[in-house]
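Visitor: Letter by letter, the chains look like this.
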Amino acid sequence: MILDSKIPAGPLAEKWTKHKFSSKLVNPANKRKYEVIVVGTGLAGASAAASLAELGYNVKAFCFQDSPRRAHSIAAQGGINAAKNYQNDGDSIYRLFYDTIKGGDYRAREGNVYRLAEVSVKIIDQCVAQGVPFAREYGGLLANRSFGGAQVSRTFYARGQTGQQLLLGAYSALSRQVANGKVKLFPRTEMMDLVVIDGQAKGIVTRNLITGAIETHAAHAVLLCTGGYGNVFFLSTNAMGSNVTAAWRAHKRGALFANPCFTQIHPTCIPVSGDHQSKLTLMSESLRNDGRVWVPATQEIAEKLRKGQIKANDIKEEDRDYFLERKYPSFGNLVPRDVASRNAKYVCDEGRGVNETGEAVFLDFRDAIKRDTRKIIEQKYGNLFDMYKQITGEDPYETPMMIYPAVHYTMGGLWVDYNLMTTVPGLYALGEANFSEHGANRLGASALMQGLADGYFVIPYTVGDYLAQLAPTKVDENHPEFARAKEEVEQGIEQLLKINGTKPVDYFHKRLGKIMWDKCGMARTEPGLKEAKAEIQALKKEFWSNVKVLGTNEELNQTLEKANRVADFLELGELMVDDALNRNESCGGHFREEYQTPDGEALRDDENYAYVAAWKYRGEGKEEELVKEELVFENVKLTQRSYK
Amino acid sequence: MKLTLKIWRQKNAADKGGFVTYVAEHVSKDMSFLEMLDVLNDQLTEKGEDPVHFDHDCREGICGMCSLYINGKPHGPLQTTTCQLHMRSFSDGETITIEPWRAKAFPVVKDLVVNRSAFDRIIQAGGYVSVNTGGVPDANEIPIPKTVADLAMDAAQCIGCGACVAACKNASAMLFTSAKVSQLALLPQGQVERKTRAEKMVAQMDAEGFGACTNTGACEAECPKGISITNIARMNREYFSAVVSSENM
Amino acid sequence: MTWVTKTLNSTLGRKLIMALTGLFLILFLTGHVSGNLLLFKGDGGQAFNMYAKFMTTNPAVKLLSYLTYISVIGHIIYSILLTRHNASARPVSYSTSKGGTNSSWNSRNMGILGTIILIFLVVHLQGFWAEMHWGEVPTISYDGENYKNLYLIVSEAFKQEWLVALYVAAMIFLGFHLSHGFSSAFQTLGLSHKKYSPAIEWIGRIYCVIVPATFASMPLYIYFSSL
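Residue numbers (my numbering), protein chains in the order written: chain V, 1 to 644; chain C, 1001 to 1249; chain W, 2001 to 2227.
By construction, these hints were calculated from the structure, which means they are not laboratory data.
Don't be surprised by glycine CBs; every beta carbon is placed ideally from N, CA and C.
Watch out, some of these pointers could steer you wrong.
Computed footprint of chain C on chain V, listed as stretches where at least three residues anywhere in the stretch have a Cβ under 8 Å from a Cβ of chain C [said to hold, decoys possible]:
1. 59 to 68
2. 278 to 286
3. 388 to 402
Listed below are the simulated DSS-like cross-link pairs for lysine-lysine, each with C-alpha atoms no more than 27 Å apart in a straight line [unchecked claim]:
4. K1195/C - K2006/W
5. K1146/C - K2195/W
6. K252/V - K541/V
7. K548/V - K498/V
8. K1200/C - K2006/W
9. K1002/C - K307/V
10. K2194/W - K1195/C
The calculated label-pair distances, taken between Cβ atoms and stated as ranges, are [as the list claims (entries may be wrong)]:
11. S2093/W - V1020/C: 15 to 25 Å
12. D372/V - S2197/W: 31 to 41 Å
13. E494/V - P1137/C: 50 to 60 Å
14. A1207/C - K24/V: 37 to 47 Å
15. Q495/V - K1104/C: 38 to 48 Å
16. K311/V - S2197/W: 43 to 53 Å
17. V1020/C - G274/V: 18 to 28 Å
Chain V on its own, in the form it takes in the complex (with noise of 0.2 Å):
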């Protein structure tokens, strides 16, 4: 099999141009006659359903949550990314392309990523159109920040809630289409399969939540828009409900699964506080610039922390080790989040993890505070602060605070060409759930980026091309691929619920977290992911044997929906597993332990790995098929980053 990613011939910045003018259209007056599903309703899928219902398409758009308003994309705090240059410092579409490309670590298309930074400026735009109520300075025009570590001031924000913003404008547009009668809105409903006739993606099967219906929907084209997998660590960032079911059914129908490794851990979340633990919470990266990081310098003084016979502010300044500053002079605790998170994690794996579980570090404002008073810091700070006093029950003003790394984001998923299409013809991948555009790792303020620019500019244009070709005559719903992809949907759920056993979901989902936290998380090794291939089958194994839901389909079953996620996330976790033993070398996300410079940085291999790893389910039990798609750069010139 040949991935082509049919990215257009030409110069870089005349691609999107050019392949704009090369699609086909749809006749206007043809247009009523296509149906688009559109699932998932966050960020990529709202904007996606809003403006294809606009351009004229039945749209059907679907999410699991009880209104679309809800969907995971709310909770990104910082902002988004835009090469406006409003502050005449430098920004273009060039530079936001290329630190797109570094920042990614040179496993991305330049063609997708160049496109993303041209679009970037038209979010905002359109963003304002619609009424989102960015920050803006007293002279009535937009404020922006620097970043994530970046050297120009290219994010826009509103407050700490720029994803919530961006989500009720995508979602306002989303609702004006269904007040017109052009969207179908089906809340509280989950894609469980897809459904392929002749090689194409024709519609999906859907499980009603409240009734437990099993239901076909027949499209011309459907559109995944469900976010990323990082639930697949049982604890993340994500919210509780995120899954890959989805995008994992479209795999085992026909879609490759790309670069599943690569996930994202976040350096500054909330740590975990006992066995109940839940979810986790991010706190903004900005905290870096002024908390210094630090656990004690030895593992006695760490025990007694543990223990609770000495407080963080007894211990001594030379018993302190501030170890992102010893070891990395220059950036000290702003190095990039893989750096900051893999050496907590080391810090910690030494025994002198400074919370109850072992698992956290200090970042202390105390230095902060002395030098530019406490009430500088409030103004800055003033709301995590309060945010982790209300989840932690400490003052952070008073006691320094504790941090550990989250997973937070995925940039593998579902591999999409130029178009967004997947290996299916008539199905695409958008936003966090393709694999596009970040690489092996994501600048911050660019999630959201990404997801609008694939909903509201690219996918209008691409699946316009792919209609054109098809005839406008409805799919018929009748075809017996529709009956018998419901069929194994029931028949998956009867298996779920006729097990019986003796553990409920969460034990299953708790224990794959920990193997893939611990054996494919921030640092892998090559004998470790052997291990937790072999725990991950034997687990997969288990769940199917023991695994108790009770209760029927034909309810409400909350314990139901969650078995039928799990079950995903277990078949995924092995994937993980293969692609990160497949990559011997390190790179954003990716760090295998095997694979770095003396200096303990992530060590590349261009020469072997500059390439997209798209993964081809061949049936139960079957070893998966790599199939690769090479990267070429032709404008950016391939470097090892340094920190020191």
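Chains C and W: place on chain V using the hints.
Guide: Relative to chain V, chains C and W alone:
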């Protein structure tokens, strides 16, 4: 901590429902309220009893999916979302009563889960600026005074959880509706449809069966995002001036 | 339905009527209390009786009085409509509800306060207003002109302890009703602004004490001066 939980159980919309009492042992004060329920649910599952159903998703106070009327207050004793409420707000031996949001417009689906799609329909009635994708002016062509943008943002922070309706003795949705009417009435982008929006959103709010506001201020006091009732005054102003001056009959 | 009826049937329209009638009644109370201050004049009721006649015969005042009747009736009818609507908005009530932690008692019980005030109003109107209009009030003559001696009725009535107690109690309820109603009416009309709202609230707080207290002092004054 050991707690007694009095939880509303209702099999489905048609069921009459009633309270069932559970005892939760070994509750850690660091648990969030929902984690406490997770633990209870795992115990119920192991015993073969149907777990308690409740809505939740992001668990970081922004998606607005979690609800729960805890000890006589929406989202419990603190002015926050239930997912951000931690067990240290309760004391050992306490009895906690947990009920679903109660309103005609929010029918119970199961246990503590209610249907809040009435809110979506209120937004669909006019909570948007009618611009299509593309063809909009450059973002900086619409200067907005910072104070106005800040006020709009204050209103826009609403997470649509429905605590305002739950807290209001009249089950009124005026705080929710007014937050969106306000946001768009304040901004220049919202001017074109300003009158129609106010009229349609109020009409939809009434059609959903929410009560009328009696200005008790309970909504504002319980809103996890601190949305102010000055937005309700603004909506009233918008509505009254709209009905007397708009072209809509 | 025309746009007018549609508006007046909306929740906001009904609230508008409550606010407008309420504010008019506040104006009425202000006039009523100022006029009744003549009871304190100590002239054996001459000024009060002359004022009473003026109030029942002057055409402009007549017009105002009709507005007052309409306001009272409108306020009552719309409060019933709203209360019924609001009750239907929550068919199943909470088993435990701590309204006291997020709102004032009087703001949640305007209906009860209003009902008590209505009962008082019936007693009050029957005792004085109906008497004045249709009752057999003895007349008194000042400067050759006859006046109904309402003052006599008033001063006789307030020699009864139970009636004095009823009036004082009713004024306390009125005070509570006004303490929410005053600023609430402005909020409903949308007259909310960070520059002016504090002043409105401040005036409301003074008003809800001064006016009922002044009213209450009248029966008390008469009762104690008769001892």
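Visitor: Could you check the hint for me, namely that S2093/W and V1020/C are 15 to 25 Å apart, CB to CB?
Guide: Distance hint for S2093/W, V1020/C holds at roughly 19 Å.
Visitor: Check the hint pairing K1146/C with K2195/W against an upper bound of 27 Å on the C-alpha distance.
Guide: holds (19 Å)
Visitor: Taking the CB of E494/V and the CB of P1137/C, does the distance hold inside 50 to 60 Å?
Guide: holds (55 Å)
Visitor: Holds or violated: are the alpha carbons of K548/V and K498/V at most 27 Å from each other?
Guide: holds (9 Å)
Visitor: Decide if the proposed pair is consistent with the structure: K1195/C and K2006/W, CA atoms, cutoff 27 Å inclusive.
Guide: Satisfied, since the Cα-Cα distance of roughly 15 Å is no more than 27 Å.
Visitor: Is K1200/C close enough to K2006/W, meaning Cα to Cα at most 27 Å?
Guide: holds (12 Å)
Visitor: Three residues minimum, CB to CB under 8 Å: does the stretch 59 to 68 of chain V make the cut for coverage by chain C? Let me know.
Guide: holds (count 4)
Visitor: Using the beta carbons of K311/V and S2197/W, state whether their distance is inside 43 to 53 Å or not.
Guide: holds (47 Å)
Visitor: Between A1207/C and K24/V, is the Cβ distance one that fits in 37 to 47 Å?
Guide: Hint holds: Cβ distance 43 Å, inside 37 to 47 Å.
Visitor: Falls inside 18 to 28 Å, the C-beta gap from V1020/C to G274/V?
Guide: holds (26 Å)
Visitor: Tell me if chain C covers the stretch 388 to 402 of chain V under the three-residue, 8 Å CB rule, please?
Guide: This one holds; 4 residues, not fewer than the three required, reach chain C with a Cβ under 8 Å.
Visitor: What's the verdict on K252/V and K541/V, does the C-alpha distance respect the 27 Å limit or exceed it?
Guide: holds (19 Å)
Figure legend: structure checked against the earlier numbered hints; every hint is met.
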